[in-house]
Amino acid sequence: MATQQQAQILRPETLVDAFRQNGVTHVITIPDSETNYLYELMLEQPWLDIVPVSREGEAFGIAMGLNLAGKTPVVLIQNTGMLESGDSIRGMALDAGFPLVMVVGYRGWTRRGKITDSVARYTEPFLNAFGINYYLVEYDADGDRLNTAFEEARETRQPVAVLIGDEYHGWNR
Amino acid sequence: MIEAIDVFRAFEPYRRKAIVAATGTSGRHWSEVSSYPARDVSLGGAMGQATSAALGLALGLPEEKVVLFDSEGSLLMNLGVLATIAGKGPENFYHFLLDNECYATTGGQPVPNAAGIDYAALAKGAGYASAYRFDDLEDFTISVGEILNEPGPVFVSVKIVPEIENLPMGMRPARQGRSRAEMFRDLRAELGIAAD
Numbered sequence: 046m047a048t049q050q051q052a053q054i055l056r057p058e059t060l061v062d063a064f065r066q067n068g069v070t071h072v073i074t075i076p077d078s079e080t081n082y083l084y085e086l087m088l089e090q091p092w093l094d095i096v097p098v099s100r101e102g103e104a105f106g107i108a109m110g111l112n113l114a115g116k117t118p119v120v121l122i123q124n125t126g127m128l129e130s131g132d133s134i135r136g137m138a139l140d141a142g143f144p145l146v147m148v149v150g151y152r153g154w155t156r157r158g159k160i161t162d163s164v165a166r167y168t169e170p171f172l173n174a175f176g177i178n179y180y181l182v183e184y185d186a187d188g189d190r191l192n193t194a195f196e197e198a199r200e201t202r203q204p205v206a207v208l209i210g211d212e213y214h215g216w217n218r
Numbered sequence: 350m351i352e353a354i355d356v357f358r359a360f361e362p363y364r365r366k367a368i369v370a371a372t373g374t375s376g377r378h379w380s381e382v383s384s385y386p387a388r389d390v391s392l393g394g395a396m397g398q399a400t401s402a403a404l405g406l407a408l409g410l411p412e413e414k415v416v417l418f419d420s421e422g423s424l425l426m427n428l429g430v431l432a433t434i435a436g437k438g439p440e441n442f443y444h445f446l447l448d449n450e451c452y453a454t455t456g457g458q459p460v461p462n463a464a465g466i467d468y469a470a471l472a473k474g475a476g477y478a479s480a481y482r483f484d485d486l487e488d489f490t491i492s493v494g495e496i497l498n499e500p501g502p503v504f505v506s507v508k509i510v511p512e513i514e515n516l517p518m519g520m521r522p523a524r525q526g527r528s529r530a531e532m533f534r535d536l537r538a539e540l541g542i543a544a545d
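For the record, the sequence lines run as chains A and B.
When you line the first sequence up against the working numbering, it's residues 46 to 218, in that order.
When you line the second sequence up against the working numbering, it's residues 350 to 545, in that order.
FYI, nobody ran anything at the bench for these hints, they're computed from the structure.
Each hint should be verified, as a subset may be incorrect.
[Claimed, not checked] Output of the computed footprint for chain A on chain B, the stretches with three or more beta carbons under 8 Å from beta carbons of chain A:
id	segment
1	408-422
2	488-497
[Unchecked claim] Covered stretches of chain A (chain B as the covering partner; in silico rule of three or more C-beta atoms under 8 Å from a C-beta of chain B):
id	segment
3	54-61
4	131-137
5	140-150
6	168-179
C-beta: ideal position from N, C-alpha, C; glycine also.
Only chain A is shown next, with the shape it has when bound in the complex:
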């Protein structure tokens, strides 16, 4: 039973493994209330440098600078912060044209029932308006979508978003 329950959630290890497989060097992030397990796991990785920021928009400028330096950054933020970051995404990621995976906590989204949190309603329209492709990740079984996002970002030299639909606890189902 425990194994079955385990399979129904997205483990933080799945993301960290994907980061390692795809050569990620830096994770630029503001932790949100759902991602503390992931944050603690990332801190334990000697090959990974965590860059905490004060506001999400900073993350895309820092990512551009790291890419210029030959590094491979990932941005890890919540969808609320992504909305705040619009001009930074435009000017520092889309216009700069480099591979960038944005891992975005999909606050307010649920597969069942009515979505009442406005940020969940605006998340996908925002990404569509910016022309950013995205993949929904809910379970460990969706882990291959992380690699797909990294591959697509490298091929297109553009940001690709991964929406974390259920952040490591299984409460959204």
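Keeping the supplied structure of chain A fixed, place chain B upon it in accordance with the hints.
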């Protein structure tokens, strides 16, 4: 107050191989002074974010000295970055602020609390290793070499004369020079970094 180009002239003899990014209306003078264009880079693209990009560059190239000439209008749009920079504490990062107290490119309107902000105090309070302020060219010229030998992150605020532009954008002379993408290409080639 100091002319921006005089700030650059005083800095240049001490630049050596530092990577230099200059932003804002006054930053355009850097290209008139720079003796090492392959290590100059434009990090603009979203107002306030050049500071973040310079931090990323410094974190990614810890063996290289990274110097940013920022502007106060830009910094005010991203003030939290002072804490972000201090939190990572890059010893190779030198953050100069050219403070003309206004949005020069839009006609010279004052920034909020223009003359009343002590940016060096903000940086020091955020946790920079050291912070300085100058409004006299001689003082700046005497000090800048020593400042660049200190471990970063270092913040240097300099009061400069505003160079206000008031013509409609379409009537202003086009600025010549390399694009951001060309500067990125040239810097990577200079540093031996393969394009990803």
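Right, here's what the structure says about each hint:
Counting residues of the segment 408-422 of chain B whose beta carbon lies closer than 8 Å to any beta carbon of chain A gives 3, which meets the minimum of three for the stated coverage. Taking a C-beta to C-beta cut-off of 8 Å, the segment 488-497 of chain B contributes 0 residues in contact with chain A, too few for the three needed, and the coverage statement is violated. Counting residues of the segment 54-61 of chain A whose beta carbon lies closer than 8 Å to any beta carbon of chain B gives 0, which falls short of the minimum of three for the stated coverage. Chain B is given as covering the segment 131-137 of chain A, and this holds because 5 residues of the stretch bring a CB closer than 8 Å to a CB of that chain, at least three being needed.
A stretch counts as covered by a chain when three or more of its residues have a beta carbon under 8 Å from one of that chain; for the segment 140-150 of chain A and chain B the count is 5, and the coverage holds. Proximity of the segment 168-179 of chain A to chain B, defined as three or more residues with a beta carbon under 8 Å from a beta carbon of that chain, is not established by the 0 residues found.
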